[in-house]
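Peer 1: Sequence:
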Amino acid sequence: MNRVLIFISFALFFACKEQSKETAKTPIVDVVEELSKTENTFGIVIHGGAGTILKKNMTAEKEAAYKTKLEEAIKVGHTILKNGGTSLEAVEKTINILENSPLFNAGKGAVFTYDETNELDASIMDGSTLNAGAVAGVSTVKNPINLAREVMLNSPHVMLSGKGAEQFAKERSVELVDPSYFHTEDRLKLLRKIKDKPNHVDAKSATSFYDPVIKDSKFGTVGCAALDKYGNLAAGTSTGGMSAKKWNRIGDSPIIGAGTYANNTTCAVSSTGWGEYFIRGMVAYDISAMMEYKGISLQEASQEVIQKKLTALGGTGGIVAIDNKGNVSMEFNTAGMYRATMNANDELTIGIYKE
Numbered sequence: 002m003n004r005v006l007i008f009i010s011f012a013l014f015f016a017c018k019e020q021s022k023e024t025a026k027t028p029i030v031d032v033v034e035e036l037s038k039t040e041n042t043f044g045i046v047i048h049g050g051a052g053t054i055l056k057k058n059m060t061a062e063k064e065a066a067y068k069t070k071l072e073e074a075i076k077v078g079h080t081i082l083k084n085g086g087t088s089l090e091a092v093e094k095t096i097n098i099l100e101n102s103p104l105f106n107a108g109k110g111a112v113f114t115y116d117e118t119n120e121l122d123a124s125i126m127d128g129s130t131l132n133a134g135a136v137a138g139v140s141t142v143k144n145p146i147n148l149a150r151e152v153m154l155n156s157p158h159v160m161l162s163g164k165g166a167e168q169f170a171k172e173r174s175v176e177l178v179d180p181s182y183f184h185t186e187d188r189l190k191l192l193r194k195i196k197d198k199p200n201h202v203d204a205k206s207a208t209s210f211y212d213p214v215i216k217d218s219k220f221g222t223v224g225c226a227a228l229d230k231y232g233n234l235a236a237g238t239s240t241g242g243m244s245a246k247k248w249n250r251i252g253d254s255p256i257i258g259a260g261t262y263a264n265n266t267t268c269a270v271s272s273t274g275w276g277e278y279f280i281r282g283m284v285a286y287d288i289s290a291m292m293e294y295k296g297i298s299l300q301e302a303s304q305e306v307i308q309k310k311l312t313a314l315g316g317t318g319g320i321v322a323i324d325n326k327g328n329v330s331m332e333f334n335t336a337g338m339y340r341a342t343m344n345a346n347d348e349l350t351i352g353i354y355k356e
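To convert, take the position in the sequence shown, counting from 1, and add 1; that gives my numbering.
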């Protein structure tokens, strides 16, 4: 931003020396107008998880509840961007709305581990500096995305986990809650449904991971990607992980390059889906890399990675992303993905099912 102002100042100075007072419009005015247009470009895109989301299984009331919450969340971030706020702030505050809702598998709505506890993960990345922060396996942090940002800004590290992350949260005055805050009846019922199945998740039963109930139990992760008026990109992701997970399992959400990635050169990405496959494919970074090295568009890169590479591995899920020009992608290979996007023209799009 400062470089732009300096450039304009010098350009205006020399233009004034060369142009007569009678000139109604100088070439530099055209430059300023063009820069103004560029600076007014901003946008935001969010997801609330992908999976077997079918209209026939959704009541009108539940569908309305999801759409209302998605709209509330994205408008929070959009307002921040419209008023000149940063993409990082927009990502954090937008995800807070989703984390505080029991509708999504993040924060308040986090799924249960096999031992009937909640372990939350989150990450955030700044596209202007490539700085990033992440937390994994926390159980007392109300909004894990806030702690991830604290790790990024106020520690020498990228990822903290478990008790150490919670100690850092105390030192940084991040809001903590009793673990019971995350307990919701619907998530507990889901866990017990999985545990009652003859082949629940077990180290010796690899085929159990293909069970539809278990496979979709990890969806509901929330995420956001944003471009601000200053041309800076940011992305963030927050999740409760996989229902019935054991051994402090960690998925892709807190892993930079897999669940979250942002780079001003290309795009910002947040992932949702079967984390083990997103980690193996480094999905979020791969989309950025394809744009940078192959020179293809965000949409082309997203389709290649999600519909071909991820699918070929056997992975399911999707991403939301925005590039440095404000173009948006919401790509998924499942039956549905809770999603919304809003641009600089205040145009809002909300989707749930595959169209």
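Just so you know, these hints were derived from the structure itself, not from any lab.
Among the hints, a few may not be true.
[To be verified] Below 30 Å or equal to it, Euclidean Cα-Cα: the simulated DSSO-like pairs (lysine-lysine) are:
{"id": "1", "residue 1": "Lys-94", "residue 2": "Lys-196"}
{"id": "2", "residue 1": "Lys-309", "residue 2": "Lys-230"}
{"id": "3", "residue 1": "Lys-355", "residue 2": "Lys-295"}
{"id": "4", "residue 1": "Lys-164", "residue 2": "Lys-230"}
{"id": "5", "residue 1": "Lys-68", "residue 2": "Lys-164"}
{"id": "6", "residue 1": "Lys-76", "residue 2": "Lys-56"}
{"id": "7", "residue 1": "Lys-230", "residue 2": "Lys-247"}
{"id": "8", "residue 1": "Lys-196", "residue 2": "Lys-164"}
{"id": "9", "residue 1": "Lys-247", "residue 2": "Lys-295"}
{"id": "10", "residue 1": "Lys-83", "residue 2": "Lys-68"}
{"id": "11", "residue 1": "Lys-94", "residue 2": "Lys-295"}
{"id": "12", "residue 1": "Lys-164", "residue 2": "Lys-76"}
{"id": "13", "residue 1": "Lys-70", "residue 2": "Lys-57"}
{"id": "14", "residue 1": "Lys-70", "residue 2": "Lys-83"}
{"id": "15", "residue 1": "Lys-83", "residue 2": "Lys-57"}
{"id": "16", "residue 1": "Lys-143", "residue 2": "Lys-94"}
{"id": "17", "residue 1": "Lys-309", "residue 2": "Lys-56"}
{"id": "18", "residue 1": "Lys-63", "residue 2": "Lys-194"}
{"id": "19", "residue 1": "Lys-196", "residue 2": "Lys-171"}
{"id": "20", "residue 1": "Lys-164", "residue 2": "Lys-143"}
{"id": "21", "residue 1": "Lys-295", "residue 2": "Lys-70"}
For clarity, every value in this text was computed on a predicted model and none was experimentally measured.
Peer 1: Report the numbers of all earlier hints that the structure fails to satisfy, in ascending order.
Peer 2: Those not satisfied are hints 1, 2, 4, 5, 7, 9, 11, 12, 15, 19 and 21.
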